[in-house]
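Colleague: So the protein lines, in turn, are chains A and B.
Numbered by this note's numbering, the letters in the first sequence go through residues 1 to 409 in order.
Numbered by this note's numbering, the letters in the second sequence go through residues 1 to 409 in order.
No lab work stands behind these hints: they were computed from the structure.
Where hints are given, some of them may not hold.
[What the hints assert, rightly or not] Short derived list, chain B residues pointing at chain A, Cβ under 7 Å:
#1 Gln-134
#2 Leu-174
#3 Phe-180
#4 Lys-232
#5 Glu-238
#6 Ile-332
#7 Asp-335
#8 Ser-364
#9 Thr-367
Quick reminder that beta carbons are idealized off the backbone N, C-alpha and C, glycines included.
Number of protein chains: 2
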Amino acid sequence: MIKPDGHDELRNPNMRRIFECIRLNGPMTKKQIQSAAGLSWGCVSMLCADLLKREILCEEKTPQATAGRTPACLEINSSKHLIVGLDAGFDHMTAVVTDLAGHILLCENRFVPDRSGKQILPDIRAVIQSVLKQALQGSIVGIAVSLPGHMDAFRGGSVWAHLFGNFEPERLSLILEEEFGVPVLLCHAPDSMASAEHFFGAARDVNNFLFIQLSLGIGMGIMADGQIYRGKNGSAGELGHMTMNPRGERCHCGNYGCLETFSSVESILRRCTEAVYAGKAPLLRRHLDSGGQLTLATAAEAARSGDSYIKNIFLKAAHYAGIAVANAINLIDPDAVVLGGELSGYRDIFLGRLTDTVKSHVWSGKTDLRAAQLGSNAAAVGAASLLVPSVFSKLCESGAAGISSKDVT
Amino acid sequence: MIKPDGHDELRNPNMRRIFECIRLNGPMTKKQIQSAAGLSWGCVSMLCADLLKREILCEEKTPQATAGRTPACLEINSSKHLIVGLDAGFDHMTAVVTDLAGHILLCENRFVPDRSGKQILPDIRAVIQSVLKQALQGSIVGIAVSLPGHMDAFRGGSVWAHLFGNFEPERLSLILEEEFGVPVLLCHAPDSMASAEHFFGAARDVNNFLFIQLSLGIGMGIMADGQIYRGKNGSAGELGHMTMNPRGERCHCGNYGCLETFSSVESILRRCTEAVYAGKAPLLRRHLDSGGQLTLATAAEAARSGDSYIKNIFLKAAHYAGIAVANAINLIDPDAVVLGGELSGYRDIFLGRLTDTVKSHVWSGKTDLRAAQLGSNAAAVGAASLLVPSVFSKLCESGAAGISSKDVT
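In isolation and in its complexed conformation, chain A is listed as follows:
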């Protein structure tokens, strides 16, 4: 066994550096890695050999069609160490299998109509078992589960999400670890989505940003120095229960006038229902009378087609969300804010107003608001990406992988 040059404690960070180079740039020759990572040739050769031995990297499968011997490109091995990322939403389960670079090798979506707490654990199990059966190549080295609601990521469970009927699986991670025999990470949904946008999406170029999830509930993920920030008790980023007006409606949390009572999809749909009953939304009423369902899409359609009362419900929700986002910006002053979740897709009746409100309320006068780039798989892929650093460290940990000097070219 040859020790890589440099100090032993530098080995893992330098291996990580090489790995990140390839993850961000795609397949690279060792010469290219050397130049991009700023490491010595000896170091790059040694560590690449180590990463190949550990099957974290592999040689590119489709070599360039040039004459003569060309140096091999190294890429992240998609057929060895795999991660399951699971997004357990209020009405769906999305599971992906990714490689260590976050490439989706397999994806399964299930509509889960039963929102009661009891059904969640069996549903999570079933989806994981299903993707494990399909993932024939490679071996699963970890499972990451993204959950909505209020979660204690430090203690590994304790989800408070009123839409789940207050599902509280203390130590969900332990249950799953025992069952599947691999490390399990629980992630807060907005954190997963923030990580996904940082890994692949709208926030690749910034290390300090807020991700705002405008969805059934409203959540926030904070990325600080490229890491998810959770605060002292793991509860940072609780934007949905920012008090917007202490004399507002009672929230399901017990307080009054929380942002979610103004701007969540749930509250918008509730107001739309009230408007239909009050005879203020003729188009939406006609849609429902003819057997249509009340969803965000059908409400938006009515708003766009002439139900001005419904349109105002959207605009007011956007205005309050904008104020809350501005409040957060005024406290944290991040590099950028990424707006995601299903509501952010409604540019004309929601996102535009939100953006205008933010701009008129931000003290510095500077806001870098961005639309999320990733779609419905974001939380699942993001959860998987949050597991990559610890999986990578573990794979690199167990001493050098028996490299002999002939491995070093």
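Got chain A; can you put chain B on it based on the hints?
Modeller: Structure of chain B alone, referenced to chain A:
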């Protein structure tokens, strides 16, 4: 010249470590420093000799009264490198001269009745000149000016503070640097006070906390990993203009329902005046009719003596401040929150209600609320303390101070 052992780039951090040891613990022998700082004996000897040569440290002036030769205790030199800390408040100027350990050697307080922007620069000049004249020993190595309002600490000026009549001295620091020939640091008042509490006060044991200034205006200082956090544009911590109710009163900033319209001393006094005119505050009315002034203290006295309407003004202000603090905690989840500023001194009619409100609105259920420990000098001393790291680095920068081997004991 002897190079200290270890790498050269370690010299400054290790010197800082020794300096911090003595600053936190008081005079120490080199043996004690070695044990507290976890450095080698050779390194401690060398660096202490260097710090003595640079007159950053000195030998303790009052040696222990024991028989025989006892090892000298080293302490921070109070007679060499000094800093002027200035708090330019809305109605006062407080200037201190401190040593590098933050000990106040000299303090001057001036009541400044003229709040107009024009008078500030002459006032700042006059106070600095006055303390410079008195500081006979030592030499001033820097000036730190703490300012209220909205300030761009990166650009070195541009104060927006409506109580100053929108004083906007672009590049105030440059003007003062030219005049006094030493580096000038401008600090945001809540940041200065946060730093003071971290240096000497309620937050000595925590590196991640919020300091809330409940005063004429309302501000927040954020300490992250032991450093003041200012965000991307230098405007983080803008708590005073958090929107508490978008349908609230118009704020001087142009928006509606900002926290300052509910809970600043200014808004409390305005409401008290209205109450007197409306005949709702008989005790306060009698006080004013007999020639007394309307101040926070006299209003509080009336509230305590039976003016229930005035008491409710305080309690409502405290409630809104509590909600804002809870909103900030729910976003940032800090280790602790330090409550300072003159309003925090009114425990019975303000701080108690604020604390109760915070507790009922914090998601994690965990709050470590602390009262500020430092008094009216906090901003001035804190500003000086914020200048210590750069002054210290500069003093250590210019090569080793000609230490010869005989200096090393």
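Colleague: Find the hints from earlier in the document that the structure breaks and name them by number, from lowest to highest.
Modeller: 1, 2, 3, 9
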